[in-house]
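S.K.: Protein chains in written order, with my numbering: chain A, -3 to 238; chain B, 1422 to 2067; chain C, 96 to 228.
In case anyone wonders, no lab produced these hints; they're calculated from the structure. Please read these numbers as outputs of a predicted model, since none were measured by experiment. Note that beta-carbon positions come from the ideal geometry of N, C-alpha and C, so glycine has one too. Do not rely on the hints blindly, as some may be mistaken.
Said to hold, decoys possible - From the derived model, a few chain C residues whose C-beta atoms are all more than 12 Å from chain A:
(1) 123
(2) 149
(3) 182
Unchecked claim - Part of the chain A face toward chain C, derived, beta carbon under 8 Å:
(4) 167
(5) 171
(6) 173
(7) 191
(8) 192
(9) 212
(10) 213
(11) 221
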Amino acid sequence: MSELLSIHHLSKSFGRRPVLKDFDLTTENGRVYGLLGLNGEGKTTLARILMGVIPSDGGEIRFKGRRIGFGDSGYKRAFGYVPEDPFFYEDMTVRSLLNFNARFYPLWDAKKASSDLERFAIDPKARIRTLSRGMKLKLGLAVALAAAPEFLILDDPTSGLDVPTRQDFLRDVIRELAASGTTVLFATHLVHELERIVERLLVLHGGRLILDEDFETVKARYQASLEDIFVSLVAKAQGGRP
Amino acid sequence: MFIALYLKEWKEKAFLFFFELAVLVLLVLGQSFFREKKDVREWLAYAVLLVFFPFAALILGTGGFETEFRSGAWAYLFSRPVHKTSIWLAKFVAHLSMLAALWLVFAAAWLAVPGISELAGGTQVLVGFPIGPGFPSWAFWQSAFLLMISFSLSLLHERQFSVLFIGVFAGVGVAAVVWAVLNSRVGGHLAWIAPEKALPVFLVGQMLLALAFAAASILTLVRSDFSQPRSQLLGFVGWAAPLLVLALVGTAVWARSSPTHGRSHLWEIAFTGGEACYKTDRGIFKYSPAEDRIQWLMKAGPFSYSVVSAAGGKVAYTAYEVRTRHDITEKLWVENSDGTGRTCIIGGARGKNHWPDDTFIIDLLISPDGTKVAILSDSAYGGHRCQSPPLWIARTDGTRLENLPDDAALFGIPHGIYFIRFVAWARDGNALLLSRRESNKPKIFTLWLYDLESKNSRILFENAAPASWFPSSPQGNLMALKYQATPERPWTLGLFDLKTVELRKNEASIDHDCLWAFWGSQGDRLAYVARRPQPNGQDVYILAVYSLAAQRVVAEKRMTTSEAEAMLFAPSWTADGMKLVVIDREANSLKILGVDLQEEGQAPFPAWMNKPAGLQVVGHQALVEDGKNNTLWRFDLEKKDWKRIY
Amino acid sequence: MIRVDPASFVPIYEQVKQEILRLVATGRLKVHDPLPSIRDLAAEIIINPNTVARAYRELEQTGLISTQKGRGSFIAPRAGLDAANDRKTRLARVMDGAIAEARKFALADDDILKIFEERLSKNANKTRGGRHE
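Taking the hints into account, I'd like the entire structure generated from these sequences.
M.R.: In C-alpha cells, the structure reads:
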C-alpha cells in the first residue's frame, strides 16, 4: 500500500472563524475513505482546498510525495471532484461541457463519457440549466470519472436527493471502484450510504479529525451502527470542551 | 487548453459582442445615410470614437468574470487542471480580440465609406491638448486602456454594473483632476516636461497604470480566496497600491530620462568668467565648477523662448510666468553670477518699471562692467515700432529703465526678412554695436553702431561675419571680426577696437583665411582656425595662436584636411591661459595643447558621446556638448574623469 | 437474493459469506454454480467491491468456492458437503431442543418417537416438493 495523499497541519479560517485547524490525514492507494462531519464543519472547505479552488492558511499537502500548493495545477489531472452544489456553467450544453473538459485531461475517455450519458439518459444537447439536480449530479460524476482519476473527491454530492438517485450514484461509484481501484474520499453527513462502502473512517469535528481508523475495527469496538458511533463521538468531543 | 478557455469566452459573450457590433454598424451606416448633412456625420463619427468605443470597452471589460460569478462556476473552473494565470490571460485575450474585431469593422468602414477619414483624422485638439495622430488612434488606445482596467477590476465584484459605474466615476474623476492640474499654475511649473513630451508621458503613464492593474489582478486571482470577497478586495488593494506607485515612479523616470525630441538645442550663450550658461528648450542653466553640477536659472514653460546674457559678474535672463495658458507674462531677471541678488527688472510688481503689453524681449546684452543691460524688444520687427521703439537700456539693479528713441535706418525693415542682434558694448558703455543680417544670408551681417548719446546710428562695416561666439575680448576693449576685403576673397581676421570703433591699424589683418577665433581668458591672445591651401590643391587647416603682446602669430599647428572637422575644433583656453583644449574628432578625444601648441595630453571621449561639438573650458573643467543626444559632459582636467551633467 | 444490513454489528464481509453459505444450504446455490462477479455483486447490493472481494477470498481459503482465472468463481464441491453437514448439524440442533423439551414433560422415548412420526405424516402433504425460505 503506497501513500497517495498526505495532509499535515492544514488550517483555514474564514474571517475570524477557524474551520480547519491542524488537520492531518494520510491516505493510501485504492481505499475508500469516509469523512463524516456535521454540516459546516469543514468538509467542503477541505475538498476545495485539495482541489485548489481556495487557498489554505497554512499546512502542507503532498500528492505522491510531491508538495502541492494553491498555484499548482498539474496534479489536478489525476483528481476527480463531485461537489455538493452543482457548479457548472449553466448556459453550456452538456456536450460542450464534456468537450471543454476533454481539453484539460490527458486521459479523457470520450466513449466512456458518452456511454455514461446514455445510461443516465442525459441529452447531450440539453443546456445544463434545464437538468434536474439529480441529473446534474450524475453528469458531474460522469465528467469526473471520464478523466480516469486516481483520486476521487465526493463532497456530499447526494444530500437532498431521493433514495433511488442516491443508490444509482453509489452504484456508479462502486462500478468505478471495481474497475479501476480509484482512491475515494467520500465526505458526507449521510451515514447510511457511508456504512455500505467505507473502509477507513474519518470523523471531522472542531477543525480536525477526532477519529482515523479502519471501519471494521471501530465497529467491532463500539458494537453499534455508524450513526450511533458518530453521535457518541461528537458528544464526547463536545463534552470534553468547557 | 488555452484555446478551449478562449473559445468558451467567445461563446459566452457572443450575444453582447453582436449587440455592440450592431450598434457600431448602425452608427457607421449613418455616415452614408446622412450623406448630405456634414454636421450630423461629424457628430456620428465623434460618437463612435469618443462615446461608443470607450463604453464598449468598459462593458466588455466589466463582464470579464461575470459567468464565473453566476452559479458559482468559478469553483468549477478553478478545480480544472489549468493555471489561474492562463485563465486570466485567456479571458483577457478573448475580450481584447472582441474589441479588436470591433475596431477592424471600424477600420473597414474608414477605408470604405468616404468622408469619415476627413472628419476625424488628422491632428485634433482634445480639451486643449493636441492629439497628433488623430482621434482614431487616440480612441483606440483609450479603449484598450479602459478594457484592461475594467477587466482587471471585474474579478473583484460579481455585480458587473457596480464595477462599471465605479470605474467610470473613478476614471472621469482622475481625468478631471489631471486636467485641472495641468491647466493650473502648478501645471505651468511642470515645465521640465517639455510640451512635445506631455502626450507621450501621458500615454506611457496610462500604459504603466494599466499594467499595474493587470498585474495586481492576476496576483489577486492566483493568491486570494475567491469565496471571500472582502479579503480578496483587500488583497487586490495590497497588490495594487505598490504597483501603482511603481507605475507613477516609472512614468516620472521615463519623463525625466527619455530624450526630448524637437527643439532641444544646447546653446552656449554666456560666460560670466567663472561659469558657463546654456540655453535649452527646457530653460536656462549654468554650470558651476565649484559644485560640479548644473543649476537651473529658469525653467522654460510650454510657450517660452528665453534670452540670456552674462558679463561682468552678472547674468540677465528672461523667464515666463504662466498663470494659465492664456495669461503669460514675461519677466526680466538679473542676478549675480554666484546666484545672489536676484532682481526683477521687468514684469515684477506692477508699476515699478513700465513695460508695454504684448511686447517680448528678443535679445539682451550686459555691459562688460555689469552695470547696464541693453534690451531689444520684438517691436524691432513689428508694426508697432512707433508706439514702443525696440531699444531699451536699464541698470542692472533694476532702476532707470529707459526706452531709447527709434532709428528708422536701423530698424525700419520689413518684417521677417532681417535679424537684428546685439554684438557688443562700445566706447566704454556709450554705444552699442548691433548686427543686422538677411534671413537668406545668415552668415554675413552688417555692423551698425548706435550712439547712446546722440541716439542715432550708422553703418560701420558691411560684409562682416562673426568670428566667434564671443567676439569681444574678456576685457571688453577688442573684438575679433571677420571680413572680406573684397567679395569672393577669403575671410580676413582682424581686431576691432571697441573704444575707437574701428579696426586696429596693426591688427587689421591677422590672418587671411580664418574660420573661427577664440579669446584667451586674459585677453592677451587669440587662438584661431585657418585654412592653408597646399600646392597640390588640397586645403589644410591649421590652429594658430596670435599674441597681442608680441603682435604676431606665435604658434601654428597643422591639424586636419577636413573642413568639417576644422569647424568643430572649438579651441578653448584654460583659466590660467597656459593650455588650449581642442576637440579632435578624428582622434575621438580631447586634445590638450600647450602655449606653443605642442600636445601635452589627450582624453578619449566616453563611449556614450555621439557627436562632440562645442567646447568651453571653465575653471579646470572642460564642458563638451554632444550635438546628437543634446547632452552636456564635463571633463575634469585635473582628475581626468568624464561626467554627464545634462 | 443476498441481503446485508450495514447497520448490523456483524462485518459486511462476514454477512456476505454467511449469505452465500445460506444459499448453498437451502439449495438455492448448488455445487458448480457460478457466483456473480465481484463487480456485479457489489453493484447489486451496493457495497464496497473490496468487501465482496474479501468475502470471496476467505471463502476460497476455506475451500468453499473456487476461482478460475477468466471464468469467475464457482461453488466448490466441499461446499455441498459442508452444506449437507451443515444441514444435519442444524437439524440435530433443532431436534436436541425438542428432545430436551420433551424430557421436561417426563415423556418416555417411545412416546417421543410416536409423537414424531404422527407429526411427520401430518406435515408430509404440506412440505412435499415445496420450496421454503
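S.K.: Next, verify each hint and record whether it holds.
M.R.: Verification of the hints:
Every beta carbon of chain A lies more than 12 Å from that of residue 123(C), the smallest distance being close to 23 Å; the non-interface claim holds. Non-interface status of residue 149(C) relative to chain A is broken: a Cβ of that chain comes within 12 Å, the nearest being about 10 Å off. The beta carbon of residue 182(C) sits about 30 Å from the closest Cβ of chain A, which is more than 12 Å, so the claim that it is off the interface holds. Taking 8 Å as the C-beta cut-off, the interface hint given for residue 167(A) holds, the closest approach to chain C being about 5 Å.
Below 8 Å, beta-carbon pairs count as interface contacts, and residue 171(A) has one with chain C at about 5 Å; its hint therefore holds. Taking 8 Å as the C-beta contact cut-off toward chain C, the hint placing residue 173(A) at the interface holds, the least distance being around 5 Å. With 8 Å as the threshold, the beta carbon of residue 191(A) comes within range of chain C, its nearest partner Cβ sitting at about 4 Å, so the hint holds. Because the smallest distance between the Cβ of residue 192(A) and any Cβ of chain C comes to about 5 Å, under 8 Å, the interface hint for this residue holds.
Interface hint status for residue 212(A): upheld, as the beta-carbon distance to the closest one in chain C is roughly 5 Å, under 8 Å. For residue 213(A), the interface hint is violated, since its Cβ never comes within 8 Å of a Cβ in chain C; the closest pair sits about 10 Å apart. The beta carbon of residue 221(A) comes within 4 Å of a beta carbon in chain C, closer than 8 Å, and the hint placing it at the interface holds.
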